[in-house]
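Trainee: Sequence:
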Amino acid sequence: MKQFFSKDFWHLPAFMKNNKIMLIAIFLLLLSIVCEIMAFLVNPILGLVLLVLVVLTIAVAFFTLKEITEDTNEYISDLSYRIKRGEQESLIKMPIGILFLSEKGEIEWINPYLQKYFGKNEVLGKSVSEVDEELATLIKENYKTKGALEVSWGKRRFQMLIQNDIHAVYLMDVTKYAQIEQHDRDTGIVVGQIFLDNYDEVTQTMTDKKVSNLSNYVTNELSNWAKRFEMYLKRIDDDHFFVVAYAGVLKQLEDEKFRILDRIRERTSKQNFPLTLSIGIAYDDDNLAALARLAQSNLDLALGRGGDQVVVKTPNGQARFYGGKTNPMEKRTRVRARMISQALQELMSQSEQIFVMGHKQPDMDSVGACLGIRRIAAMNKKKCWIVLDKDGLHSDVERLMEELEQYPDIKGNIISAEEALEKTTEQSLLIMVDHSKPSISVSEELYTKLINRVMVIDHHRRGEEFPENPILVYIEPYASSTCELITEMFEYQSKESEPINKIEATAMLTGIIVDTRSFSLRTGTRTFDAASYLRSVGADSAMSQHFMKENADNFLQRNHLIDRVEFIGENLALCAGEVDKIYDPVTAAQAADALLTVSGVEASFVVTQRKDGKVGISARSNGKANVQVVMEQLGGGGHLSNAATQLEGVSVSEAREQLLDVLKKEN
1 MKQFFSKDFW
11 HLPAFMKNNK
21 IMLIAIFLLL
31 LSIVCEIMAF
41 LVNPILGLVL
51 LVLVVLTIAV
61 AFFTLKEITE
71 DTNEYISDLS
81 YRIKRGEQES
91 LIKMPIGILF
101 LSEKGEIEWI
111 NPYLQKYFGK
121 NEVLGKSVSE
131 VDEELATLIK
141 ENYKTKGALE
151 VSWGKRRFQM
161 LIQNDIHAVY
171 LMDVTKYAQI
181 EQHDRDTGIV
191 VGQIFLDNYD
201 EVTQTMTDKK
211 VSNLSNYVTN
221 ELSNWAKRFE
231 MYLKRIDDDH
241 FFVVAYAGVL
251 KQLEDEKFRI
261 LDRIRERTSK
271 QNFPLTLSIG
281 IAYDDDNLAA
291 LARLAQSNLD
301 LALGRGGDQV
311 VVKTPNGQAR
321 FYGGKTNPME
331 KRTRVRARMI
341 SQALQELMSQ
351 SEQIFVMGHK
361 QPDMDSVGAC
371 LGIRRIAAMN
381 KKKCWIVLDK
391 DGLHSDVERL
401 MEELEQYPDI
411 KGNIISAEEA
421 LEKTTEQSLL
431 IMVDHSKPSI
441 SVSEELYTKL
451 INRVMVIDHH
461 RRGEEFPENP
471 ILVYIEPYAS
481 STCELITEMF
491 EYQSKESEPI
501 NKIEATAMLT
511 GIIVDTRSFS
521 LRTGTRTFDA
531 ASYLRSVGAD
541 SAMSQHFMKE
551 NADNFLQRNH
561 LIDRVEFIGE
571 NLALCAGEVD
581 KIYDPVTAAQ
591 AADALLTVSG
601 VEASFVVTQR
611 KDGKVGISAR
621 SNGKANVQVV
631 MEQLGGGGHL
641 SNAATQLEGV
651 SVSEAREQLL
661 DVLKKEN
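If you read the sequence shown in the UniProt record's numbering, its first letter stands for residue 1, the second for the next number, and so on.
Hints listed in this document are in silico derivations from the structure and should not be mistaken for laboratory results.
Incorrect hints may appear among the rest.
DSBU-like, lysine-lysine: derived pairs with alpha carbons at most 30 Å apart [what the hints assert, rightly or not]:
1) 155 with 144
2) 614 with 390
3) 116 with 155
4) 104 with 126
5) 210 with 234
6) 140 with 665
7) 140 with 120
8) 210 with 227
9) 251 with 155
10) 581 with 360
11) 146 with 104
12) 664 with 251
13) 664 with 581
14) 665 with 227
15) 155 with 664
16) 176 with 116
17) 140 with 126
18) 116 with 104
19) 120 with 104
20) 449 with 614
21) 581 with 614
22) 423 with 382
23) 176 with 140
24) 423 with 381
25) 120 with 176
26) 84 with 146
27) 624 with 664
28) 411 with 423
29) 549 with 581
30) 381 with 411
31) 84 with 66
32) 383 with 449
33) 360 with 502
34) 423 with 390
35) 144 with 104
36) 502 with 383
It should be emphasised that the depicted structure is a prediction, and the values quoted were computed from it without experimental measurement.
Put together the whole structure using the sequences plus the hints.
Mentor: Structure below.
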C-alpha cells in the first residue's frame with residue numbers, strides 16, 4: 001500500500017498502474033470475505049451488515065476491474081499500433097538501405113533510402129545483376145558471410161549485412177566516416193633518411209668547382225622532388241638529408257617506385273660520376289623519436305643491401321624494397337679489413353672456444369670460409385669447431401670431405417649441430433659465414449643458444465631477417481665471396497703462427513671460383529689479389545678443378561633442365577622441372593648459370609622439387625636485372641645477380657605461377 005501512495009507510483013506507465021490497482025482490489029476482496037465469515041461466527045447482525053458492505057465492494061470492484069481491463073486493452077492496442085507504425089516508418093525512412101530478394105535473385109522490395117542510389121531506374125522484378133553488376137558481385141561474393149563487413153560500391157563505402165535465410169541485404173552508407181578514417185591515415189607522419197652512397201668516393205678526385213656543382217645539382221633535384229610531393233626536406237650533411245612527409249604522399253612515392261633514384265643515377269652517370277641514393281623510411285607510429293630511429297635502421301638495412309635502394313617499413317610490418325638495380329660500388333678498404341681482423345682477434349681472445357657454421361646445403365664458399373675461420377682461430381691459439389650437416393652434401397663438398405681424411409686435425413674439428421650444442425658455454429663465440437639469416441643456418445638452435453655472442457661475415461645483401469644483437473658484422477655486398485673477405489684477414493694475423501695449409505687454401509680458392517663463375521662475375525681487383533695470395537700459400541688449381549667436376553647424373557640432370565627452358569619476353573628464361581621429380585639444388589643453380597650464356601638472356605630462373613619436399617627457385621642475372629628483389633617477394637633473398645628461395649606446401653607448377661605473377665609486377 002505504501003507503494004500505491006508513493007510519489008513514483010503515479011509516474012508509472014498506465015498498464016503497470018492498472019495491474020497494481022487490480023492486485024490491490026483482489027486483495028481487499030479476499031480480505032472482506034474473510035472478515036464476513038468471522039463476523040457471522042461472532043454476531044449474525046454484524047455479519048449481515050458486513051455482507052451488504054461486501055456486496056457493494058464486489059460491485060465496485062467489478063466495475064473497477066472492467067474499467068481497468070478496458071484501459072489496459074486500449075493502451076496495449078495503442079502501443080502495438082505505434083510499434084508497427086514505427087517499424088514501417090523505419091523501414092521506409094531510416095538511413096539504411098534494405099533490399100529483399102527472391103529465390104531467383106530478383107529484387108522483390110527496396111526501401112526508398114536505397115532506391116536513391118539507383119536513380120529513377122525501375123528495379124522491382126529485375127535481377128540485381130541486371131540493375132547493377134557491381135552490387136550483384138558484392139552480394140554473390142559475400143552471401144554466406146556472417147556479420148557486417150565494409151565494401152566499396154561505386155565511389156562510396158558501405159557497411160553490408162546479408163541475412164541469407166530471408167534473402168535480405170542491408171546497406172549503411174559510411175562514406176563520410178571512411179573518408180575521415182582515410183584522412184587520418186593519409187596525414188600520419190612519415191620520417192625518412194636520405195644518404196648519398198658514394199659521395200665521398202665520387203668527389204675525392206674532383207675539383208672544388210665540380211664538387212660544388214654536383215652538390216648543387218643533387219640538392220636541387222631533391223628539393224624539387226620534395227616540393228612536388230609537398231614534403232619537408234632538410235640537408236644535414238654533405239651526403240645526408242632528412243625528410244618529413246604524410247603517409248598519403250608515401251603511397252604516391254611507392255606507386256612511382258621512387259623514380260628519384262633512377263633520375264639522379266642516370267643524370268650523374270652521363271657526367272661520368274654516377275651517384276646513387278639510399279633511403280630509409282618509417283611510418284605508422286605516434287612516437288617521433290621511435291620513427292626517427294626506425295628510419296635510421298631502415299637506411300642501415302638499405303646500405304647493408306648494397307645501396308641504391310629504398311627500404312620502407314613500419315615498426316611491426318615487413319620491409320618493402322624499391323630500387324637496387326645496380327651493383328654496389330666498391331667502398332671496402334684495406335683499413336676496414338685490418339680493423340675487422342683486429343676486432344675478430346679480440347673477440348677470439350675473450351672467448352673460450354669458437355663455433356663457425358655456414359648455411360644449409362653448404363657450397364664451397366660456405367665450407368671454405370669455415371676452414372678459413374678455423375685456421376685464423378688456430379693462429380690465435382683458440383679451439384674452433386666447424387658445424388656441418390654431412391647429409392645431402394653436393395659432390396664438390398663431398399670430394400673435399402674425402403680429401404680432408406688426410407688431415408685428421410681438421411677432420412676432427414668438424415662436428416654435427418647436436419655435438420656443438422653439447423660443447424657450448426656462455427663464453428663461446430659463434431661466427432656465421434656466407435649468410436646472415438638465422439633461419440637458414442646449419443643449426444638455428446645453436447644460434448639461439450649463443451644469440452648474444454654472434455659475429456656475421458657475409459658477402460650477400462642484408463635481408464630483413466638478421467641476428468638480433470650481433471657483436472660484430474662484416475657484410476660487404478660487392479665482394480665476390482666470403483672466402484675473399486676472410487682471405488684478406490690472413491695478412492693481419494701473427495706471422496709466428498702456423499700458416500694456412502694446402503687443403504684450406506684450395507678450398508677457399510674453389511669457393512671464390514664457384515661464386516665468381518670462374519672469375520667472370522662480381523670480380524674486382526681485390527678478388528684477384530685474394531686468389532693470388534691463396535695460390536702463393538699452396539692452393540692447388542688441379543685439385544680445385546677436381547672438386548668442381550660434375551658426376552654423370554648431375555651433368556645429365558642439368559642438361560635435362562636446360563632442355564625444358566621457356567622464354568618470357570625478350571630477356572627472361574625460365575625452367576620448371578618435372579612434377580614429383582627430385583633435383584639437386586646445386587644442379588638447378590648450375591642450370592640457371594648456364595642459361596645466362598644464351599644471347600639476350602638477362603635473368604634466368606629454375607624451379608625444381610627438392611629432396612626435403614620444398615620447391616626451390618634458383619635465380620641468376622647478368623647484373624642488369626635484380627633477381628634478389630624477385631626472390632625476396634617469394635620469401636627468399638640473396639644478391640642482385642644471385643638469389644634463391646624455397647617454397648613449402650606448393651607444387652612446381654604453382655611455384656612457377658607465383659614466380660610469373662611477381663615477374664609481371666616487376667616489369
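Trainee: Next step is simple, just say for each hint if it's right about the structure.
Mentor: Outcome of the hint check:
no., hint, verdict
1, 155 with 144, "holds (24 Å)"
2, 614 with 390, "holds (19 Å)"
3, 116 with 155, "holds (15 Å)"
4, 104 with 126, "holds (10 Å)"
5, 210 with 234, "holds (22 Å)"
6, 140 with 665, "holds (29 Å)"
7, 140 with 120, "holds (24 Å)"
8, 210 with 227, "holds (25 Å)"
9, 251 with 155, "holds (20 Å)"
10, 581 with 360, "holds (21 Å)"
11, 146 with 104, "holds (21 Å)"
12, 664 with 251, "holds (20 Å)"
13, 664 with 581, "holds (27 Å)"
14, 665 with 227, "holds (29 Å)"
15, 155 with 664, "holds (28 Å)"
16, 176 with 116, "holds (17 Å)"
17, 140 with 126, "holds (16 Å)"
18, 116 with 104, "holds (24 Å)"
19, 120 with 104, "holds (24 Å)"
20, 449 with 614, "holds (27 Å)"
21, 581 with 614, "holds (12 Å)"
22, 423 with 382, "holds (14 Å)"
23, 176 with 140, "holds (26 Å)"
24, 423 with 381, "holds (18 Å)"
25, 120 with 176, "holds (24 Å)"
26, 84 with 146, "holds (28 Å)"
27, 624 with 664, "holds (17 Å)"
28, 411 with 423, "holds (17 Å)"
29, 549 with 581, "holds (23 Å)"
30, 381 with 411, "holds (18 Å)"
31, 84 with 66, "holds (27 Å)"
32, 383 with 449, "holds (19 Å)"
33, 360 with 502, "holds (25 Å)"
34, 423 with 390, "holds (19 Å)"
35, 144 with 104, "holds (16 Å)"
36, 502 with 383, "holds (20 Å)"
Violated hints for the displayed structure: none, as all numbered hints are satisfied.
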